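Chemist: If you read the protein sequences in the order shown, they are chains A and B. Count along the first sequence starting at 1, add 519, and that's the number in my numbering. Count along the second sequence starting at 1, add 18, and that's the number in my numbering.
Mixed in with the good hints there might be a few duds.
Unchecked claim - Below, simulated BS3-like cross-link-like pairs (lysine-lysine); rule was C-alpha separation at most 30 angstroms, straight line:
{"#": "1", "chain 1": "B", "residue 1": "K64", "chain 2": "B", "residue 2": "K240"}
{"#": "2", "chain 1": "B", "residue 1": "K240", "chain 2": "A", "residue 2": "K672"}
{"#": "3", "chain 1": "A", "residue 1": "K662", "chain 2": "B", "residue 2": "K344"}
{"#": "4", "chain 1": "A", "residue 1": "K662", "chain 2": "B", "residue 2": "K64"}
{"#": "5", "chain 1": "A", "residue 1": "K662", "chain 2": "A", "residue 2": "K672"}
{"#": "6", "chain 1": "B", "residue 1": "K240", "chain 2": "A", "residue 2": "K662"}
The hints are simulated quantities; they were obtained by calculation from the structure and are not laboratory data. From a predicted model like this one, the values you see are computed outputs, not experimental measurements.
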Amino acid sequence: MTAGEHSAGDGRAAGREPAGGEPAGGEPVGRESAAEPPVGARFREHQARRGRGSGAGRGGGQPAVPDAEFRSYYGRPILKAPVWRNDIPAYLFSGGLAAGSSMLAAGADLTGRPAMRRAARLASAAAIGASTFFLIHDLGRPKRFHHMLRVAKPTSPMSMGTWILALFGPASALAAVAETAPMLPQRGVFGPARRVLPVAGTAAGYVAAAMAPALATYTAVLIADTAVPSWHEAYPQLPFVFAGSALASASGVGLLAAPLTQSGPARRLAVVGAAMEVAASHRIETGMGLLSEPYTRGRSGRLLRAARRLSVAGAAGAVLGRRSRLVSAVSGAALIAAAALTRFGIFEGGVASAKDPKYTVVPQRQRLERSTAMSPSPPDGDVTESAGR
Amino acid sequence: MVGENSLYGPLDPAPDAGYPDAPARMGFFTDTSICIGCKACEVACKEWNGVPDHGLDLLGMSFDNTGALTANSWRHVAFIEQPVPAGQQSPLFAGTPTGPSGAPAAAARGARTAIDTGTAPGADPGPHPESAARMAAGPEFLGMPSSGLPGRQPGREGRADMRWLMSSDVCKHCTHAACLDVCPTGALFRTEFGTVVVQQDICNGCGYCIPACPYGVIDQRKEDGRAWKCTLCYDRIGGGLTPACAQACPTQSIQYGPLDELRERAAERVERLQASGESTARLYGHDPNDGVGGDGAFFLLLDEPEVYGLPPDPVVTTRDLPDMWKRAGIAALTMAAAAAVAFFGRSA
Numbered sequence: 520m521t522a523g524e525h526s527a528g529d530g531r532a533a534g535r536e537p538a539g540g541e542p543a544g545g546e547p548v549g550r551e552s553a554a555e556p557p558v559g560a561r562f563r564e565h566q567a568r569r570g571r572g573s574g575a576g577r578g579g580g581q582p583a584v585p586d587a588e589f590r591s592y593y594g595r596p597i598l599k600a601p602v603w604r605n606d607i608p609a610y611l612f613s614g615g616l617a618a619g620s621s622m623l624a625a626g627a628d629l630t631g632r633p634a635m636r637r638a639a640r641l642a643s644a645a646a647i648g649a650s651t652f653f654l655i656h657d658l659g660r661p662k663r664f665h666h667m668l669r670v671a672k673p674t675s676p677m678s679m680g681t682w683i684l685a686l687f688g689p690a691s692a693l694a695a696v697a698e699t700a701p702m703l704p705q706r707g708v709f710g711p712a713r714r715v716l717p718v719a720g721t722a723a724g725y726v727a728a729a730m731a732p733a734l735a736t737y738t739a740v741l742i743a744d745t746a747v748p749s750w751h752e753a754y755p756q757l758p759f760v761f762a763g764s765a766l767a768s769a770s771g772v773g774l775l776a777a778p779l780t781q782s783g784p785a786r787r788l789a790v791v792g793a794a795m796e797v798a799a800s801h802r803i804e805t806g807m808g809l810l811s812e813p814y815t816r817g818r819s820g821r822l823l824r825a826a827r828r829l830s831v832a833g834a835a836g837a838v839l840g841r842r843s844r845l846v847s848a849v850s851g852a853a854l855i856a857a858a859a860l861t862r863f864g865i866f867e868g869g870v871a872s873a874k875d876p877k878y879t880v881v882p883q884r885q886r887l888e889r890s891t892a893m894s895p896s897p898p899d900g901d902v903t904e905s906a907g908r
Numbered sequence: 019m020v021g022e023n024s025l026y027g028p029l030d031p032a033p034d035a036g037y038p039d040a041p042a043r044m045g046f047f048t049d050t051s052i053c054i055g056c057k058a059c060e061v062a063c064k065e066w067n068g069v070p071d072h073g074l075d076l077l078g079m080s081f082d083n084t085g086a087l088t089a090n091s092w093r094h095v096a097f098i099e100q101p102v103p104a105g106q107q108s109p110l111f112a113g114t115p116t117g118p119s120g121a122p123a124a125a126a127r128g129a130r131t132a133i134d135t136g137t138a139p140g141a142d143p144g145p146h147p148e149s150a151a152r153m154a155a156g157p158e159f160l161g162m163p164s165s166g167l168p169g170r171q172p173g174r175e176g177r178a179d180m181r182w183l184m185s186s187d188v189c190k191h192c193t194h195a196a197c198l199d200v201c202p203t204g205a206l207f208r209t210e211f212g213t214v215v216v217q218q219d220i221c222n223g224c225g226y227c228i229p230a231c232p233y234g235v236i237d238q239r240k241e242d243g244r245a246w247k248c249t250l251c252y253d254r255i256g257g258g259l260t261p262a263c264a265q266a267c268p269t270q271s272i273q274y275g276p277l278d279e280l281r282e283r284a285a286e287r288v289e290r291l292q293a294s295g296e297s298t299a300r301l302y303g304h305d306p307n308d309g310v311g312g313d314g315a316f317f318l319l320l321d322e323p324e325v326y327g328l329p330p331d332p333v334v335t336t337r338d339l340p341d342m343w344k345r346a347g348i349a350a351l352t353m354a355a356a357a358a359v360a361f362f363g364r365s366a
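With the rest of the complex left out, here is chain B:
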């Protein structure tokens, strides 16, 4: 079915995809303010879905040794260490030979570590260690850490405490899912719950979904050749069960339920956090008017999205698809006209 907002704008995806009596749209609300970084979600997901492991690797990215969402990690817990004002408390690590947390230096090193996830492109290192240092320096970049002993640096009087940002990332199950729209085999499909799932018996590994995703979620298993990602436990939710990650989460940082309810709950939660002085709390992916029509899995964050590895303002690529076909049509006509002139022009 093709509706007015089929490519862009607010939409209930399941009826648009052709389910006349679709159940309520289901999703995740991940409240990162109460995530304790236990990675039970990662483990439960792997256990339930039979996702392959890739051995033990140490990435030097705080406690994150997963690196990114890949075909072999459908939940990914991000860890960010940042200095924050110590207030009246005595500063953390004060008087110790190591001085305050060396988060920026550690982060810059962590930015360089590569890992073989068994997938492509997997968790690539990036070219910007300075950007990693800026992330770990807190809301304001403090400059690149030096190589001298921290205890001998000037400015040690103003040492900070540190905070840990932890967030369990997952496929967003977008209202307008680019991966699904560009899939040439129909392997990716919209479920009656409004989620997006790959049919592994159909996928032929063309790889088109991978650069189409504005969040960098979907990925290809190297040996297997096919694309894999979170299914929002389609097999479980169809039977009325909670997805494995939400079931395993010990703090209810990951909440599963009808999206409408989750959005209400999230709005209340962010209001309460703001009122209690946590001014950095904000929702991400909750707005049906955003570039992807709102996410089926959305988040409460305590810093800018890019610090968590999320794009600050993602837009589904198919928003511009009608315009792209139009431009291609004009170019095609120009091409035909050029050939006609070359053969039948006056001088010919």
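In isolation and in its complexed conformation, chain A is listed as follows:
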């Protein structure tokens, strides 16, 4: 999808010719008042290109996604941008970390790696606790959090997520509490607990691990199931970004906390997770035409580029540094940081796409033009039909 050919000043469809006004190509606006931000800086660029090219919006040698001409109500956004604060990207990250860690813990439990199991269980419980805090803290009415539990709605990913969280959280917490069993006194009231906890912890750990893939990927559906153009368009790839990112960050926990003798699976998971994350992110950043643009510009672009570098470095360090405790730990930290930056980058990109009417109007116009071009209606009669939708 490219925006190149679009010309929103569709005089034919609108059917009215303005008679006057200033000629195109007049002096760029550099208004008198110095306090005002420069109006139309981007337009000046556009005018310069237009002067060189043969027609509006055409001409070679332009960037891959040239600025599209479109009309809007006073240049204002059509959509309302998400009101979610940094709690939500933090929640996306900590939820993924919790999910990946509980899978790592279950694997470590099954293959007899106690140090990795302990670290992963604790990380999972801490992360899911943080998740819950972020989720509630972001509400406009935090005291009404329990209203989420009135309904279970498959059409609302947030409702589904609440229930996933409600099942995963206690299981993850119980698995973490079970790690305290060896610290309990053998006799007295804690005696039975000391014997029961490891078994309960293992069972709870498996429950958490079974829920984990759902916990890590539902958040992708949560943000894609909105009118935010660059989130919605990315819905086929987003779950893979989040799944890969969750695995990579969990492997980071393993690399940070487990001794070299136990961290083999974490290294493999680091490579697989980072590869998934980087590949799926790449498709989002390059494969959606105009709607990829918000992920390459500004804060979102910087965050995602940094995330990619850290992911690649972390995965490389995980493989090459398998004999060094220090290199392993640094690689693990890099992978965790990359996962956080990815979530913030994806979040910021979507918000930017909602705040700019270009990303709402231009793709929808192109869709309309395609459907009008394909429809067999006579050329004279399509004015109201195409515009009335």
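Fit chain B to the given chain A structure using the hints.
Modeler: Relative to the frame of chain A, chain B by itself:
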């Protein structure tokens, strides 16, 4: 109840939502060709529904000092000034020192003004003053206005008259309402009249409905934390009354009634306008086959929808929801497989 078209396509929403003997679906037809921009609808809405004001602000957007639909403005009258051919008349403002209407320049400035509506995200300014200028330049963009005196510019011979587009925007009460579908508390619900209403005693301010709306209608009050929007005067229509805005409209630009009747009336009206030479007249949101299954509140417009701040081809996000869950399922299975291979693969 889940039907074939519950997520997308033509549908009568109230029976689908579980009302077996639902009354006729009610809605608004806003005929912008006879709107005079008096804002009686905005005032009546605020009065009846007790919607807070946010003081006096001047936005520089023609006579629009509301800016957008927000949690504190459930009706919003848009004003667009455009040059049009003057025909045989003597051009408006001809011979005056100011020259023709400076609409594009004014619009570009108006695009930058911010306003505190007391809501989030409220009425944000956008990054595209040139797009505002294009809107105010009429159906064809005439270039950015210059900073010189208009009277000294070349081309003053071909001066245009101007027209005012005015339109009272409102919640569309979509057949497929994304805000309602994504609401995790059930605060948003479908009424027996097919409209969409927030239950304020349930809403916990999660904010999910706000980016879900393809029209940018629903919004959050900052102090209060909850989401608010037009209720189509649920309290009035239940008692057989007309919603406050339609009741107050002095030109019947806002018409309230059973949606079927309104659609017929609108089709006749647009035909008559077209026949009398108003070739830019078109309906918006009337088609049950569109991306949201048709709007409960639809419009007759005189320019492209985006000029009025409306999306040209909105699609309800939940159309793709089954596919989204499918992709998430595949990703989840991939994740589980990756973990299994990492622990139990041959090299382990």
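Chemist: Any of the earlier hints contradicted here, and which numbers?
Modeler: 3
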